[in-house]
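S.K.: Based on the provided sequences and hints, a complete structural model is requested.
Residue numbers (my numbering), protein chains in the order written: chain A, 56 to 260; chain B, 56 to 260.
Hint data in this document are derived by calculation from the structure and do not stem from the laboratory.
Each hint should be verified, as a subset may be incorrect.
[What the hints assert, rightly or not] Taking CB as the label site, the calculated pair distances span:
hint	chain 1	residue 1	chain 2	residue 2	range
1	A	Trp138	B	Arg66	52 to 58 Å
2	A	Glu103	B	Arg66	51 to 57 Å
3	B	Val258	A	Ala180	27 to 33 Å
4	B	Glu161	A	Gly235	41 to 47 Å
5	B	Arg259	A	Gly240	35 to 41 Å
6	A	Val244	B	Arg259	31 to 37 Å
All values reported here derive from a predicted model rather than from experimental measurement.
All C-beta atoms in this analysis are idealised placements derived from N, C-alpha and C, irrespective of residue type, glycine included.
Protein chains: 2
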Amino acid sequence: MSLDGFVAGPRQSVKDPLGIGGERLHQWAISLAAWRGSHGLPGGEVNESTRVLEESLVNIGATVMGRNMFGGHPGPWDAAKPWNGWWGANPPFHHLVFVLTHHAREPLTLEGGTKFTFVTDGFEAALAQARRAAGGKDVSLAGGARAAQQYLAAGLVDEMEIHLVPALLGSGERLFDRVGEDLRGLELVRTVAAPKVTHLKFVRR
Amino acid sequence: MSLDGFVAGPRQSVKDPLGIGGERLHQWAISLAAWRGSHGLPGGEVNESTRVLEESLVNIGATVMGRNMFGGHPGPWDAAKPWNGWWGANPPFHHLVFVLTHHAREPLTLEGGTKFTFVTDGFEAALAQARRAAGGKDVSLAGGARAAQQYLAAGLVDEMEIHLVPALLGSGERLFDRVGEDLRGLELVRTVAAPKVTHLKFVRR
Chain A
56 MSLDGFVAGP
66 RQSVKDPLGI
76 GGERLHQWAI
86 SLAAWRGSHG
96 LPGGEVNEST
106 RVLEESLVNI
116 GATVMGRNMF
126 GGHPGPWDAA
136 KPWNGWWGAN
146 PPFHHLVFVL
156 THHAREPLTL
166 EGGTKFTFVT
176 DGFEAALAQA
186 RRAAGGKDVS
196 LAGGARAAQQ
206 YLAAGLVDEM
216 EIHLVPALLG
226 SGERLFDRVG
236 EDLRGLELVR
246 TVAAPKVTHL
256 KFVRR
Chain B
56 MSLDGFVAGP
66 RQSVKDPLGI
76 GGERLHQWAI
86 SLAAWRGSHG
96 LPGGEVNEST
106 RVLEESLVNI
116 GATVMGRNMF
126 GGHPGPWDAA
136 KPWNGWWGAN
146 PPFHHLVFVL
156 THHAREPLTL
166 EGGTKFTFVT
176 DGFEAALAQA
186 RRAAGGKDVS
196 LAGGARAAQQ
206 YLAAGLVDEM
216 EIHLVPALLG
226 SGERLFDRVG
236 EDLRGLELVR
246 TVAAPKVTHL
256 KFVRR
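M.R.: Here's what the structure looks like:
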């Protein structure tokens, strides 16, 4: 998240999936060996952020994300030109991913154990399905902003790690729009200061 | 500042000078012995925030603040019922304070060395006057949000300490509205994690 509260820049598109300037929020992660390894890339840094990123990747049994994060064109799926996500043939999830959408679609199985299931009956139903699929492990809420807002406003988030980047975006998608003034029991339990980001971990009491 | 970017709550008034809920942003400071002492009050805590607050109080030669922070009724000054600020007969500044306003007013001298000077020719002129008055010491930008936005947008801030409180306000005055996407050279140089607040210090490179 930027210092002014944005988790994506304005005008998200296939060309700019994170919105204009949104990639500035992810540079701390992309430079890490831990991130690069999980995306099949060599090299990278090890610093204070490493344990935070590693922690976020362990014990995940299923993922939920919004349609906008899954990406591609808005509206009904185009069977003639199928959009299979941003992550190529072998996405970095390796488990069931539940995509919130208003448009039904058959499940999409890709390499490496990632299977996208498209859920049309709401964010609570998607979480229930993800919990069952996770088999006792954690469910990761990957984003984007609107999906996160729905779960936060409903008090369904047990843990939240804000990666606060000391930069401004000025416009875009805010994480906490439509959430109101209540963190629903989420309390700050850990702050990790890294060179280019501050990690703020919240746990629901 | 709240996690969602507000430095004051909505509907600021004489009754609610920090806006509805805005006092939640200041509890970390008010509980400190260092704050209480500077306001003539006994007792209080000593923790990781103490050195940050103490640092903010030393070497200040003059202060600039917006009319809204000085407070009272909006619009022209009411000579029949003069508003002399929130801080009583002996304000905690003890130096010259320059108040940005559209309405001329004679300087106001209170106890303990605090003198409020009302500046009607703009925020840059107020800063120039404060710099001269500070005699080589620092000029403190006390707030509120709109005054801070003006100085940030103009690239006139040399140091900024964000006291990030892990709570939401949901509405109110945002620190970074109208500032755009550029911190004008301000870079994060220090993060201090305290129990109820994270202090983020920025210095212009």
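S.K.: All hints are to be evaluated individually against the structure, with a verdict given for each.
M.R.: Right, here's what the structure says about each hint:
1. A/Trp138 x B/Arg66: 52 to 58 Å: Given a distance of about 45 Å, which is not inside 52 to 58 Å, the answer is violated.
2. A/Glu103 x B/Arg66: 51 to 57 Å: violated (40 Å)
3. B/Val258 x A/Ala180: 27 to 33 Å: Because 49 Å falls outside the window, the suggested range is violated.
4. B/Glu161 x A/Gly235: 41 to 47 Å: holds (44 Å)
5. B/Arg259 x A/Gly240: 35 to 41 Å: holds (38 Å)
6. A/Val244 x B/Arg259: 31 to 37 Å: holds (32 Å)
Checked against the numbered hints given earlier, this structure breaks hints 1, 2, 3; the rest are met.
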